[in-house]
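Protein chains: 2
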Amino acid sequence: MNLPSSAQPSTRIGDVMRLIRGRIAARSLTPGEKLPSIRALAASMQLSTSTVVEAYERLGAEGVICSRPGSGFFVAGPLAPLSMAEIGPRLDRAVDPFWVSRQSLQADDAMLKPGCGWLPPDWLPQASLRRGMRQLARAEESTLADYGTPLGLAPLRQLLARRMAERGVEASADQIVLTDSGTHAIDLVCRFLIEPGDTVLVDDPCYFNFLAVLRAHRARIVGVPMTPSGPDLVHFERAIAEHAPRLYITNAAIHNPTGASLSPVTAHRVLKLAEAADLTIVEDEVFADLEPVVAPRLAAFDGLQRVVQVGSFSKTLSAAARVGHVALRQDWVEGLVDLKIATSFGSSQLSSSLVLQVLRDGSYRKHVEGLRLRLARAAVEVGGRLKALGIRPWLEPQAGIFLWCQLPDGADAAALSQAALAQGLVLAPGNVFSPTQSAPDFMRFNVAQSQDERLFAFLRQALGRRTR
Amino acid sequence: MNLPSSAQPSTRIGDVMRLIRGRIAARSLTPGEKLPSIRALAASMQLSTSTVVEAYERLGAEGVICSRPGSGFFVAGPLAPLSMAEIGPRLDRAVDPFWVSRQSLQADDAMLKPGCGWLPPDWLPQASLRRGMRQLARAEESTLADYGTPLGLAPLRQLLARRMAERGVEASADQIVLTDSGTHAIDLVCRFLIEPGDTVLVDDPCYFNFLAVLRAHRARIVGVPMTPSGPDLVHFERAIAEHAPRLYITNAAIHNPTGASLSPVTAHRVLKLAEAADLTIVEDEVFADLEPVVAPRLAAFDGLQRVVQVGSFSKTLSAAARVGHVALRQDWVEGLVDLKIATSFGSSQLSSSLVLQVLRDGSYRKHVEGLRLRLARAAVEVGGRLKALGIRPWLEPQAGIFLWCQLPDGADAAALSQAALAQGLVLAPGNVFSPTQSAPDFMRFNVAQSQDERLFAFLRQALGRRTR
Numbered sequence: 001m002n003l004p005s006s007a008q009p010s011t012r013i014g015d016v017m018r019l020i021r022g023r024i025a026a027r028s029l030t031p032g033e034k035l036p037s038i039r040a041l042a043a044s045m046q047l048s049t050s051t052v053v054e055a056y057e058r059l060g061a062e063g064v065i066c067s068r069p070g071s072g073f074f075v076a077g078p079l080a081p082l083s084m085a086e087i088g089p090r091l092d093r094a095v096d097p098f099w100v101s102r103q104s105l106q107a108d109d110a111m112l113k114p115g116c117g118w119l120p121p122d123w124l125p126q127a128s129l130r131r132g133m134r135q136l137a138r139a140e141e142s143t144l145a146d147y148g149t150p151l152g153l154a155p156l157r158q159l160l161a162r163r164m165a166e167r168g169v170e171a172s173a174d175q176i177v178l179t180d181s182g183t184h185a186i187d188l189v190c191r192f193l194i195e196p197g198d199t200v201l202v203d204d205p206c207y208f209n210f211l212a213v214l215r216a217h218r219a220r221i222v223g224v225p226m227t228p229s230g231p232d233l234v235h236f237e238r239a240i241a242e243h244a245p246r247l248y249i250t251n252a253a254i255h256n257p258t259g260a261s262l263s264p265v266t267a268h269r270v271l272k273l274a275e276a277a278d279l280t281i282v283e284d285e286v287f288a289d290l291e292p293v294v295a296p297r298l299a300a301f302d303g304l305q306r307v308v309q310v311g312s313f314s315k316t317l318s319a320a321a322r323v324g325h326v327a328l329r330q331d332w333v334e335g336l337v338d339l340k341i342a343t344s345f346g347s348s349q350l351s352s353s354l355v356l357q358v359l360r361d362g363s364y365r366k367h368v369e370g371l372r373l374r375l376a377r378a379a380v381e382v383g384g385r386l387k388a389l390g391i392r393p394w395l396e397p398q399a400g401i402f403l404w405c406q407l408p409d410g411a412d413a414a415a416l417s418q419a420a421l422a423q424g425l426v427l428a429p430g431n432v433f434s435p436t437q438s439a440p441d442f443m444r445f446n447v448a449q450s451q452d453e454r455l456f457a458f459l460r461q462a463l464g465r466r467t468r
Numbered sequence: 001m002n003l004p005s006s007a008q009p010s011t012r013i014g015d016v017m018r019l020i021r022g023r024i025a026a027r028s029l030t031p032g033e034k035l036p037s038i039r040a041l042a043a044s045m046q047l048s049t050s051t052v053v054e055a056y057e058r059l060g061a062e063g064v065i066c067s068r069p070g071s072g073f074f075v076a077g078p079l080a081p082l083s084m085a086e087i088g089p090r091l092d093r094a095v096d097p098f099w100v101s102r103q104s105l106q107a108d109d110a111m112l113k114p115g116c117g118w119l120p121p122d123w124l125p126q127a128s129l130r131r132g133m134r135q136l137a138r139a140e141e142s143t144l145a146d147y148g149t150p151l152g153l154a155p156l157r158q159l160l161a162r163r164m165a166e167r168g169v170e171a172s173a174d175q176i177v178l179t180d181s182g183t184h185a186i187d188l189v190c191r192f193l194i195e196p197g198d199t200v201l202v203d204d205p206c207y208f209n210f211l212a213v214l215r216a217h218r219a220r221i222v223g224v225p226m227t228p229s230g231p232d233l234v235h236f237e238r239a240i241a242e243h244a245p246r247l248y249i250t251n252a253a254i255h256n257p258t259g260a261s262l263s264p265v266t267a268h269r270v271l272k273l274a275e276a277a278d279l280t281i282v283e284d285e286v287f288a289d290l291e292p293v294v295a296p297r298l299a300a301f302d303g304l305q306r307v308v309q310v311g312s313f314s315k316t317l318s319a320a321a322r323v324g325h326v327a328l329r330q331d332w333v334e335g336l337v338d339l340k341i342a343t344s345f346g347s348s349q350l351s352s353s354l355v356l357q358v359l360r361d362g363s364y365r366k367h368v369e370g371l372r373l374r375l376a377r378a379a380v381e382v383g384g385r386l387k388a389l390g391i392r393p394w395l396e397p398q399a400g401i402f403l404w405c406q407l408p409d410g411a412d413a414a415a416l417s418q419a420a421l422a423q424g425l426v427l428a429p430g431n432v433f434s435p436t437q438s439a440p441d442f443m444r445f446n447v448a449q450s451q452d453e454r455l456f457a458f459l460r461q462a463l464g465r466r467t468r
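Chains as they are written, first to last, in full-length UniProt numbering: chain X, 1 to 468; chain E, 1 to 468.
Incorrect hints may appear among the rest.
Identical copies go unnamed one by one, so any copy, or any two together, can satisfy a pair.
[Stated by the list, open to error] Simulated pairs of lysine to aspartate or glutamate, EDC-like, Cα-Cα distance not exceeding 20 Å:
no.	residue 1	residue 2
1	Lys-34	Glu-275
2	Lys-272	Glu-396
3	Lys-387	Asp-331
4	Lys-34	Glu-57
5	Lys-366	Asp-452
6	Lys-366	Asp-198
Source of the hints: derived by calculation from the structure; they are not laboratory data. As the structure is a computational prediction, the values presented were derived from the model and not from experiment.
Take the sequences, apply the hints, and build the full model.
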């Protein structure tokens, strides 16, 4: 019931705004939390619903709260972009950096995932993993039950140091810290090096979870356009001058999503610019094992002075094991390890022992070589089928699992992805990779997950209908 | 060489201070980083070393930098307490919240660890773990190689929901999120609920890693004295009134380090105070399986409205597997899972499958019952031997692995721990547990790790020498 009020409408609107602001300040309403419904608040304050509507709308214009159609009003704030709890059914969720992760991770076996970022399980070294598990069943008591050492399993760190040396990066095992995943490695490095509000450069497009983890750290994100040989140097230099970034996060080896590889000239120039601006670089080489020819590593040129290298085994060995690693300056190791202990206490002895077993297994190199070949064939085949539909790869990548493609006639990749989801297909629309939202007609295809006829039938129909 | 200068000494000192401040502002010097040596800076600026010394000392007095005897000067700042990279040999490191973790985790097999927080590996269900590993070696391909679902392995979450129900906490499996450890669970909850500068209440004493993780989140920490039946209610109420805390982090079941159990009266009163102040409570029940009789759970009284419950399997099943869990309000789940994906992408399918196998194994309940008995016996025996040395338990705990003890005649537990380390013994001095540093003569003993004669010989000698 809307009661008449003797006060000025603007005063009454102000009362509602003050009430909500006060609750947010006192944290009885926290970021992401739903506000009282308009009807309920109007009743409790003996005001008309239109007064509450107006107050909510003004608070919305100020960015204090935000509305979600059909769901109500929610507290905005620093954490709000991450607290999307109430958004409801997955089809309603905006295409944000989490969209592809969530859809891919929660897809059931009946769904196709051409948009996901990993290989199907039967492309991974199953026999070797099973052998590793059987060996682990006979391991020492402490391997099965104890916490690991602060840096993580020493023989695995030694093996990683040898692998890094093969790629031109000199690091001792004491400079390598094991983590629970490559993502966890990046998160720890961000925790160690950046403060809320710091600016971080990323490639545009870049791996969408870089955007998600940086948002979790409340970093300001600045995108630098990507070229087939690395970041665009003119933009890179300008971004440094304009934004004084603290960090630049990029891929080494095969760039996600574009498949680009850093050229030696670009690598050298990026490092020179970083040195002049005292910029730290995080180089993620999660796809390194898929390279047939080793591309330049910033960490190799730099000697791990201002470059931190991270990686994991999720793409070529197992994503179920959760083992990542970070290699960094010796004098940063202890600080990073303190943060690791404070926030996760230690890395898994079991998982790292399993990874060590598989890497030591004579069959791993052969597995990886087979994988490269199989992926190269799949890239040719999938690329050909996409081109036949007018979907053009931006680059013919030298290796890896992705084709970064432009849709014909400016088709909207986000709308296409929403339509695909309704038909059991998880796609990866371009703008989830783009901090500037400048890839609306791009899409990333995982060639290992794009082998089912249903994908092409869907694309043919959806794009054909569109242009008809 | 110290060159004469025509400028005023105070101006020259100011120049040095401005230079260092400028570098810190520009981040060419970052928190924890070593400053140029006095000699080098004096030479490069053509100043006397005494000018630089004076400038450094003034910056030190301002808290901008800090000195570490024998190592030089380092940038202070928000991250500095966590970036202790350069502190050098472990014996030199101050007794801080990381001390016991680091010493315990990096101790080799020759060392004794009466101060550590976990059971020896041969106290854990080795046969069942080995059986579980062999079963896993025959698991589905996706279990061995794929990412898990965003919330984590569903059957394990269902089993956890049933276990929580046995302890009076009603939660659906959809309110339970798996994490990489109990510590990771607390870290995620902090990320979700607190902002830098927020105040968090902890028990005094409390588990030292609560202090470490809260420091990583830049929280203000306020301690509330502990009593044998829970936090001191007068102090708890006063702390809420004075500090308007956002969160209270405590143990459910068996309190670490004291062994206290919450009484129903205290539980009820704590919740009433929390409700009135809109305080969220994190209840860590990592030692729950060791309870013979279930103590009240705040989450049970509250129905997971303002209580978040976390736990793990590191104490009774395996610390090598790294599986933790958090149960929370349904409408907070999605936001927390977004943060989990952003910062670790997913929890380990392998580890959670192994934990599920062991929990389902008929022998687990028997294992836990045996553990309780063995710990009860060890507590009596170790308690008796400590008392004979004048070391008095603050409480005879009903269960668990710790005795929280006061040393005789105000002996300094930190000094004793440093001396013990030199003899291959990791002890846990009281002040690492105390946010107010009010337990200098207390020490936590792990009864399962205090069975070696060398411990008592050391204590006898060290305390005897002291009082002689």
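Homo-oligomer pair classification [Glu-57, Lys-34; C-alpha up to 20 Å]
within (15 Å within a copy, 51 Å between copies)
Tell me, please, which holds for Lys-272 and Glu-396 at an alpha-carbon limit of 20 Å: within, between, both or neither?
neither (29 Å within a copy, 64 Å between copies)
Between the shortest in-copy and the shortest cross-copy C-alpha distance, which are at most 20 Å for Lys-34 and Glu-275: within, between, both, or neither?
between (46 Å within a copy, 18 Å between copies)
Within, between, both or neither, where Lys-387 and Asp-331 count as close if Cα-Cα is 20 Å or less
Neither, since 50 Å and 44 Å both go past 20 Å.
With identical chains treated as interchangeable, where does the CA-CA distance between Lys-366 and Asp-452 reach 20 Å or less: within a copy, between copies, both, or neither?
neither (26 Å within a copy, 49 Å between copies)
At most 20 Å between alpha carbons: which applies to Lys-366 and Asp-198, within, between, both or neither?
Neither. Shortest intra-copy (43 Å) and inter-copy (53 Å) distances fail the 20 Å Cα cut-off.
In the structure shown, a violation is registered for the earlier hints numbered 2, 3, 5, 6, in ascending order.
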